[in-house]
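Chemist: Spelled out, the chains give:
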Amino acid sequence: MNTRAKEITTALRPALLLLVVMTVLTGILYPLLVAGIARVLFPAQAAGSLVTVNGRVVGSGLIGQAFTDPGHFWSRPSASTPQPYNGTASGGSNLGPLNPALLDAVKARIQALRAADPGNLAPVPVDLVTASASGLDPDISVAAADYQAARVARVRGLPLKQVQALIARRTAGRLLAVLGEPRVNVLELNLALDALK
Amino acid sequence: MNAAASTLIAGFLLLVLLCVKPVGLYMANVFDAQSVWPRRAGAPLERWIYRLCGIDPSVEMGWKQYAMALLMFNVLGALAVYALQRAQPWLPLNPQKFPNLSADSAFNTAVSFITNTNWQGYSGESAMSYLTQMAGLAVQNFLSAATGIVVAIALIRGLARHTAATIGNFWVDVTRATLYVLLPLALVLAVVLASQGVIQNFSSYKDVATVEALTYQQPKADAAGNPLKDAAGNPVMETLTTHTQTLPMGPIASQESIKELGTNGGGFLNANSAHPFENPNALTNLLEMLAILIIPAGLTYTFGRMVGDTRQGWAVLAAMGILFVTLLMVTVHSEQQGNPLIAQLGVDQAASPTQAGGNMEGKETRFGIAASALFATITTATSCGAVNGMHDSFTPLGGLVPLFQMQLGEVVFGGVGTGIYSMLIFAIVGVFIAGLMIGRTPEYLGKKIEAFEMKMSSIAILVMPFIVLTGTAVAVSVDAGKAGVANPGAHGFSEILYAFSSAGNNNGSAFAGISANTPFYNVALALTMWLGRFWPIVAVLAVAGSLAAKKRIPVSEGTMPTHGVTFVILLIGTVLLVGALTFVPALALGPIVEHVMLWKTP
Chain A
1 MNTRAKEITT
11 ALRPALLLLV
21 VMTVLTGILY
31 PLLVAGIARV
41 LFPAQAAGSL
51 VTVNGRVVGS
61 GLIGQAFTDP
71 GHFWSRPSAS
81 TPQPYNGTAS
91 GGSNLGPLNP
101 ALLDAVKARI
111 QALRAADPGN
121 LAPVPVDLVT
131 ASASGLDPDI
141 SVAAADYQAA
151 RVARVRGLPL
161 KQVQALIARR
171 TAGRLLAVLG
181 EPRVNVLELN
191 LALDALK
Chain B
1 MNAAASTLIA
11 GFLLLVLLCV
21 KPVGLYMANV
31 FDAQSVWPRR
41 AGAPLERWIY
51 RLCGIDPSVE
61 MGWKQYAMAL
71 LMFNVLGALA
81 VYALQRAQPW
91 LPLNPQKFPN
101 LSADSAFNTA
111 VSFITNTNWQ
121 GYSGESAMSY
131 LTQMAGLAVQ
141 NFLSAATGIV
151 VAIALIRGLA
161 RHTAATIGNF
171 WVDVTRATLY
181 VLLPLALVLA
191 VVLASQGVIQ
201 NFSSYKDVAT
211 VEALTYQQPK
221 ADAAGNPLKD
231 AAGNPVMETL
241 TTHTQTLPMG
251 PIASQESIKE
261 LGTNGGGFLN
271 ANSAHPFENP
281 NALTNLLEML
291 AILIIPAGLT
301 YTFGRMVGDT
311 RQGWAVLAAM
321 GILFVTLLMV
331 TVHSEQQGNP
341 LIAQLGVDQA
351 ASPTQAGGNM
361 EGKETRFGIA
371 ASALFATITT
381 ATSCGAVNGM
391 HDSFTPLGGL
401 VPLFQMQLGE
411 VVFGGVGTGI
421 YSMLIFAIVG
431 VFIAGLMIGR
441 TPEYLGKKIE
451 AFEMKMSSIA
461 ILVMPFIVLT
471 GTAVAVSVDA
481 GKAGVANPGA
491 HGFSEILYAF
501 SSAGNNNGSA
511 FAGISANTPF
521 YNVALALTMW
531 LGRFWPIVAV
541 LAVAGSLAAK
551 KRIPVSEGTM
561 PTHGVTFVIL
571 LIGTVLLVGA
581 LTFVPALALG
591 PIVEHVMLWK
601 TP
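Quick mapping for you: the protein sequence lines, in order, are chains A and B. First residue of the first sequence? That's 1 in my numbering, and the numbers climb one at a time after it. First residue of the second sequence? That's 1 in my numbering, and the numbers climb one at a time after it.
Since the hints were derived computationally from the structure, they do not count as laboratory data. One thing to keep in mind: the hints can contain errors.
Unchecked claim - Below are the DSSO-like pairs computed for lysine-lysine, each with C-alpha atoms no more than 27 Å apart in a straight line:
| no. | chain 1 | residue 1 | chain 2 | residue 2 |
| --- | --- | --- | --- | --- |
| 1 | A | K6 | B | K64 |
| 2 | B | K455 | B | K600 |
| 3 | B | K64 | B | K448 |
| 4 | B | K448 | B | K550 |
| 5 | A | K107 | B | K600 |
| 6 | B | K448 | B | K551 |
Keep in mind that this is a model prediction, so the values were computed, not measured.
Excised from the complex, chain A in its bound form:
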């Protein structure tokens, strides 16, 4: 018998058994251990950081939702299909910078924003007209919230100052002044807005 065939057979047994042992260790015991620890120490986070209003789960604090009512702050555009903010189909548009489809989409989004707020001629903050990477971005930039403040105030019949104060209260800054970007969680901002009445 040639030596190559012998080498294969001698390697087969440890290869198979070690694969089984490692599968049990890293594929079963390890995730179970993490789940156990997370359930004890961080039960809310491990379950999806769910947000409850009056006993009803209305979403996750980490996952964005679609808002089209002019009286709410709008989230960023979402490229998920068939509907935006589809939790089971995360992803971006993957449109390249020169793709005419990208430019058409941005134009349509600008038009929709302007149609809902005809008096507002300020340049539109870029995150409000570009699709996020996940399709589930929970945040908008502070600029994007400020841009919408007058519209929301007008539709709701609230003083602009009050809406701006609400944005300021809901703004998350940079961690340690370095990490992340200043942002506003849209679901939490809108829930706070709805709670005003």
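For this one, chain A is given, so just place chain B on it according to the hints.
Modeler: Chain B in isolation, oriented as in the chain A frame:
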């Protein structure tokens, strides 16, 4: 670059640098020393594993035997991942009742995960059961990473030993890499990630009642599930209203941590580390970036330590670091500049205290430009391939950097193990070139570099460009290849070039617009991944075996020092020369021409 971005980048690089010595020293001890405390603590478990598997840890292997064991272990791993995907409807932990994956998709994914590539033709949250993710994909996240590490250790032993017939015991090395390096780090990171909101549960997907009702259109299908067409051949759309959002669930934290630490990169969910359940905030983003880099960076110190001269390791790290920082600046600057065509539409892309600005298509608000560009550079400098933004929507030059880093052969830090062993192969080629220039026999770390090492090193380096460029050429020539392209023009070519560069270098990130879950791409990319992984590994092990057998020649006046500035420049030069000469023509057809078109004066 604004102050916050500069501080983030400088602080991050400092953190990585601080980790290099402790992590590297620890790994050197795991593979070289008996006395390190985790090995003492784990000794009973280790002994039990060896007894159960019939492994004699005291017997070392020659390079051929080592390579055979490695290949056998990986082939069986691929079969296991394939079987789990094909059998998942009949197995437990499948609360969404996902059907089995098609044969070509399952084959692609199996090869993808054992080769440490984690190219994903499927979409995690709508295809894979929890069991497949945990016991198939995540297991290979550990084992493929361990495989990479042990090949590096074997090569380092080849350099460190002399007149030796063996380079270690593969089973023992893989077991130790998993038990003492990957598993403890993954466990700690997983718990920290879970504290920040990365989910970890086994529930079925959760329906929540959204604040607003959502009206949308989708193509209408007949009873058999085929899309309906009207008389003109356009799809018939139906309008639906929903008040529900379905949130994916699953054991994500445990998989997320090893996905980064093992430079695997395969996300539990389709959007990968851009998904808030995988990467919920700036802190998790920082930790994930750090996790990707610490093992590849630390291995440079392990190398220096094991060959008895830590300056050798720092020299290699310096070469990697210089390439990394240079390329990072290109990405950050290019993404922050934004898209001139969008600016013309009356959009504000300027960075300010209230917004990140720049090119935000395919990026998350919480990460903005700096942390997205940094992540993209890290994930392609290493062979990780996790993404927190969509590379397909990057600016042309911002997307060129990830592409080019992969095409350099994943040596700018590189994958766990693959980075250092590929870089050492370039070092061998570098000293050979230097030897030719000054007319001396080339040597590296006291080992004469001769014809056999040069042949094997050339094979290890050249197989990748060969398969990447051939694969790209075939794909752009056949209809099955062109059909997958999502973007028109030069960008469409870039998508194909990126796919094969990613597969051939076992990175796994994508210009994700490409529709690659087709029989053509599943098979072509699987072959590319397989060859790109194991062909170089066998060549590297051959070099290791050959070097181990050599005598050590004493340092003389004619020895070229391999720890100084000259050597660092030589190493960078070798990497750039090979990479640039091979790939610049292809890059010119893709991102470079796209850049010119984007910025041309109207």
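Chemist: Return the numbers of the hints above that this structure violates; sort them in rising order.
Modeler: Hint 2 is the one this structure does not satisfy, whereas the remaining hints hold.
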